[in-house]
Amino acid sequence: MSAVVDTHGHDGHGHDAHGGGYHGAGGIMRWVTTTNHKDIGTLYLWFSFIMFMTGGAMAMAIRLELFSPGIQFFNPDLFNQFTTMHGLIMLFGAIMPAFVGFANWQIPIMIGAPDMAFARLNNWSFWLLPFAATLLVMSFFTPGGAPGVGWTLYAPLTVQMGMGMDLTIFAVHLLGMSSILGSINIITTILNMRAPGMTMMRLPLFVWTWLITAYLLVAAMPVLAGAVTMTLTDRHFGTSFFNAAGGGDPVLYQHIFWFFGHPEVYIIALPAFGVVSQVLPAFSRKPLFGYASMVYATSAIAILSFIVWAHHMYTVGMPVQGQLFFMYATTLIAIPTGVKVFNWVATMWKGSLTFETPMLFAIGFLFLFTLGGFTGLMLSLVPIDIQLHDTYYVVAHFHYVMVAGALFAAFAGVYFWFPKWTGKMYDETLGQWHFWLTMIFFNMIFFVQHFLGLAGMPRRIPDYPLIFETWNKISSIGAFGFGLTQLLFLYIILKAIRSGEKAPQKPWEGADSLEWTHLPTPVPYHSFETPPVLK
Amino acid sequence: MEHGASTTTRQAHYHVPQPMPWPIMGSFSLFCMALGSVILFNGASAGWTGIALGFMVLLYMMFRWFGDVIRESEGGKYGRWEDLSFRWGMSWFIFSEVMFFAGFFGALFWARVMSVPDLASLEHNTYLWPNFTSHWPSAGPGFEEKFSPMGAWGLPALNTVLLLSSGVTITLAHWGLIANQRGKLLFWQGMTILLGVLFLICQAVEYAHAYSDLNLKLTTGAYGTTFFMLTGFHGFHVTCGAIMLTVIWFRCLSGHFKPEHHFAFEGVAWYWHFVDVVWLGLFIFVYWL
Ligand code: HEM
Ligand SMILES: [Cu+2]
Chain A
1 MSAVVDTHGH DGHGHDAHGG GYHGAGGIMR WVTTTNHKDI GTLYLWFSFI
51 MFMTGGAMAM AIRLELFSPG IQFFNPDLFN QFTTMHGLIM LFGAIMPAFV
101 GFANWQIPIM IGAPDMAFAR LNNWSFWLLP FAATLLVMSF FTPGGAPGVG
151 WTLYAPLTVQ MGMGMDLTIF AVHLLGMSSI LGSINIITTI LNMRAPGMTM
201 MRLPLFVWTW LITAYLLVAA MPVLAGAVTM TLTDRHFGTS FFNAAGGGDP
251 VLYQHIFWFF GHPEVYIIAL PAFGVVSQVL PAFSRKPLFG YASMVYATSA
301 IAILSFIVWA HHMYTVGMPV QGQLFFMYAT TLIAIPTGVK VFNWVATMWK
351 GSLTFETPML FAIGFLFLFT LGGFTGLMLS LVPIDIQLHD TYYVVAHFHY
401 VMVAGALFAA FAGVYFWFPK WTGKMYDETL GQWHFWLTMI FFNMIFFVQH
451 FLGLAGMPRR IPDYPLIFET WNKISSIGAF GFGLTQLLFL YIILKAIRSG
501 EKAPQKPWEG ADSLEWTHLP TPVPYHSFET PPVLK
Chain B
536 MEHGASTTTR QAHYHVPQPM PWPIMGSFSL FCMALGSVIL FNGASAGWTG
586 IALGFMVLLY MMFRWFGDVI RESEGGKYGR WEDLSFRWGM SWFIFSEVMF
636 FAGFFGALFW ARVMSVPDLA SLEHNTYLWP NFTSHWPSAG PGFEEKFSPM
686 GAWGLPALNT VLLLSSGVTI TLAHWGLIAN QRGKLLFWQG MTILLGVLFL
736 ICQAVEYAHA YSDLNLKLTT GAYGTTFFML TGFHGFHVTC GAIMLTVIWF
786 RCLSGHFKPE HHFAFEGVAW YWHFVDVVWL GLFIFVYWL
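The listed protein sequences correspond, in order, to chains A and B. So that you can map any letter, position 265 of the first sequence is 265 in my numbering, and since no number is skipped, the others follow by simple counting. So that you can map any letter, position 253 of the second sequence is 788 in my numbering, and since no number is skipped, the others follow by simple counting.
Extracted from the complex, chain B is given alone in its bound form (with noise of 0.2 Å):
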């Protein structure tokens, strides 16, 4: 921990890696996702293309680069002082992502404090909407037909239940793995996927139920783009947690990381716990107040 502090503790070789070309493949099949997602926005399938090889070469690309990773971090190149490296960066990694949904958080707030209530003003009574009242779940006053909300305590509850348990089992993982006991590692990590799981296939049935019962869509006016944006963010970052899960589910299988070693796991693990934290947020402002 006290890099720039004294000559003895510190490690003399800091592992500077060699030129790769994933990176910019990196930004080639970026460059090939949108594109193609423009061609597609606006009317022509054929934008399918491009997502499709973009997507390809990002998987591939990502292989490629995080198998370089492991391999190096297996191979001993990674000591106490890339170890901290890696902990700066994954920290304000998510603190990035806290910004992005803070940004769709500001748009609900806005949209319950500021803007419905100001539709729905003498002013715009006067001149718009005359019939237009302030009221929250809101589509807005220029929305005709019924929809009903999503209510909180059904799957959204159990669904607050199977996240918050998953941030239990991981940390029973972790305690698992800092003991060396590779079958509680594994059994306890293998749950956390479970539950993550879980609660995706809840949020897809809580979807269906949405469009096909409640006639709530992501065109449900304010309440309806809200409502699917926040939550669909987050049902992605999800998506994405359990993946990286699963990764590291199979690396532990293959023995990889060391009681006193193993930040990719950690890593994971704090995403893990900020995918958590969110819903939280979601759950009180989205579902709940």
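The following block holds chain A by itself, in its conformation from the complex (with noise of 0.2 Å):
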């Protein structure tokens, strides 16, 4: 009755976080046939990390031209193109391969499971990503450049775009493919491969906030496709999606985008709240307040991110019933967040606090994302957002949910699994290091910027107005700081790795999950081929 995974039958009971255990293919070769949902991660991960360096050295270049008024460095064409490929690289090729690393490295060890449901399609999931990230970054060196669209790629100007455009459509294709294949994994993989007696609700809140997560993916990804599809016959075949004299609309072109690009914030958000809802009680030494009512808050955000997109085209000129409808579905959103927001404050209300360096991310994004929420509830409003559309207020509202939010997020998940996944210590001292440096130079780049945008500054443009310079430069010296610290962090990490301290089973007093209780630490390669018993 020994539940043994096929290949490794005869032992591969090793201790060591690689190597012990492992006995396919050698080198390179191990990595690229891997189908080990802890190798897999790691390869999430790591590609994550470089293109956040990539989509970082762009948000460099952006911060340059604007540290002072007029043309510096940068054509406004170019200035154009790293705008757009900043976006696309940090969405697509940072953050949603973040959280996808997690998703790999922790769901079954969290549930109990062997591996994931299909473990070849999860080497294939991650496997298009290199491509498709080269597609993307070659477009730079096609004649005429990378496409200066925006992260948005609005039609009817990528119709006008040069042969980069193509490029980043079937990048966009090859990355909506990964998504979707790797959330069909992680859905089946939730659903069919718990730990008996691991009930849907006994499931941590990471994994319940990746299931409801991969099913807005699976939703969203194919309309994105189905957008740039359109865009790739409008630009080639002579169709007429977007073209009016045919009786197409580009502000169609808006709504299919739209339709994906707001589930996309949640498909970044939640699991981001996933991992913060397991950090802070670990580190309050409580449970979560409102388990349940944080399921029903996360499928009720996921259910109305679909029906909200059109806040987004406030200004394209739609009907006042339309903008009405859109704004109060909008703002019902705001309910189910505030749940998770008082649930989170709760878990700490009363807990034995310690501030290590996850926790302090995850009081960092607490603070922050919650900013951002309240930013996004001022851009809800109409007759508000009809001032800020498409000023800096509204990059100072996605930055602090998307950096503060997920991206603080995933820095807790990074500090807080560490350990577990590599057997090793990171230094505390520079842990919180990094977080403060994060922390003061993250507010120093975006907090101005609301004051831009209510000024008038609009986002995307390579110049502005001598009055604008003061913040502008404050904000470009925080933004040097932040990418500076952020290499503080590899080094970090990898400091770590090298010679980090051996670390316990359980180095967090207060983490309870299955890879804390029922798995040595660093978590041995096949983990759970016989599942664990649950009470």
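These aren't lab readings, by the way, just hints derived from the structure by calculation. By construction, the Cβ of each residue, glycine as well, lies at the ideal position given by its N, Cα and C atoms. Fair warning: there could be bad hints in the mix.
Under 7 Å between C-beta atoms, here's a sample of chain B residues computed to sit facing chain A [stated by the list, open to error]:
no., residue
1, P558
2, G638
3, A642
Could you use the hints to bring the two separately framed chains together as a complex?
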């Protein structure tokens, strides 16, 4: 009755994270052919970090140009290419793969499964990404350069771009495929691979948020694929989806795009909520407050996210009834989001808190994400948004939710689970430095952008009037600081891998999900080949 | 079905497969095809090389990957637990396909309900296109040539009958499989393939008719765009479905599948029904109404 994994039947219970228990191909072929969820999780995370650096370099270029008014370094066209690629790379290359990496590492060991349900498909989901990224980056080197249309890829501008646009379209197709296959895998794993006794309402919240995210992905990504396919045929085959002379409409593109785009922001936010919902209870030494309401709130957010898309289009010219509908629907989202925020705060209430790096990032998330939620609420109000749309205020809003929200949660997750994955501790002092520098520089970059936006500075323009200079300088200096700080993060990780202290079985006193209670540290290469016994 | 529920009914071993090189080969082939297409679309016929290379690699990869899976399946590696995974996986894959089509149906509705009427509104009539009136089928205000729309009750109606009957024949084949009657299975499965192929032939004739007699082309404004893109993507899915059915037919011929264990058959049948339902939507909204 032993439940062994096929290929590694003979033994396979080594105790260091990598190598031990592994009997397949060696060297690079191990990573290329692997079907192990931990290997694939690691690949996702490293890929994500490389993309984070690539997208980050472009952000530095943008802030460099905006350091002073006037055109300094880049012509406006190249500037636009940077903003476009920065957005696409950060979303599809950095944040999304980071959380898929967490999903790969964590879901099987949190639900007591031997691996993901479709281990080979899992490999494919990952290995589509580097090829897609290559296509994206290649577009810079084609005649006409990368598309300079903004990450939203709006028609009719996209119809006029050079061949870099085509590369981007195919890259989006591959990225979409990867996400769809990945989420089918995640859904199936969660529904079908749970250990006996791991009922749905016992799932760690991280698993729940990923289940719901995966549903958002299978519903939203194909729509994006459709949108860019229409762009492609409008460009090359004379179709009229977005051509008014042919009876089509460029606004149609915006509707289709945002039907994908708004769920996409929750695709990015929900797994972050999940990570934070694991970290806060662990360092408060209290169970998560309102577990069931968290599950329902997450589902409510996911459902609502499909009926609010046109809040990105208030200024496009839609009937006032439409504006009202989308405004009310959008403000509704604040309710389940509020439920979550209050639950997190209540989790910490009267807990015996300690402030290790993961906790710091989680609390940073809590403060700043909430701020981003509030600015979102402001933007959801039509009369205000008409003023603020396409200004730096919007840029500030979404960086509060995506950097201080998603990215902070990703950092929290890395510090939290790193000891479990590798068996090594990171340097706590350096971790705290990383947090505080990130926190300070983040606010330096983005807080002032609220003022710029309120004062009317448009986004996606390489030049600005003199009056905006001071705030822009502060923002740019913050950006360079932020960028450097992330090199510190790389150093912390490399240092911990090379010479970190040995991590105990359960470095965090309050952590109580399966991976902490039922598995040794580091997690063996194959875990839960025999399902754990749960009471 | 009761996984996660009780220890007693659960099979102890979930098949976690070996490392394999096929996935990355698939990525490489898609990369070649993407690059080839970009080059081709931008005017260099050298792009065909990339597409051809990519396609060949893709075919090889599919042969090997599916080959491995079939071998494992026939080797008894997949029990009920894995079977349930396949069911979830296939269902959500089909759901994602539904959403893909939903995007294109959205474009159709948008053109019919929003953009064409709007282009004929007072504002546009005053400033842009004075003579344009709202009607459907329409190729938009900027389109000069005359064209005729595709009628619903000729070939398209026949095609509806063909696809709907193929939905019946595949069910008959399934019953044959469950009753372990190979002859019945092979016959009805063969009929299904035949109906699918007939459908595709009709569609090809219909396209030729559109291009040569009706002056209806992909470039015929919003109508031509939505007509050819929707039916075209559907036709592509029918083609894939027919190939899948054929593979299954050969597997049946070589004695694969058991009455109680044949998810590959069912998955393809689900896919075929999905293609069927999409066609109904097309028939109603593209051809008929
Ligand atoms: C209470 C929750 C939220 C509300 C009410 C909200 C509302 C809005 C509104 C109305 C806009 C459009 C502003 C404009 O373009 O004029 C917007 C933009 C944006 N939001 Fe949010 N939002 C919320 C949460 C989030 C989250 C969680 C994320 C991502 C993790 C996010 C990411 C974005 C992005 C990326 C944009 C800019 C899109 C672009 O134009 O490029 N938002 N938000
Ligand atoms: Cu939105």
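Next on the checklist: Hint by hint, where does the structure go against what was stated? Just the numbers, ascending.
Outcome noted: none
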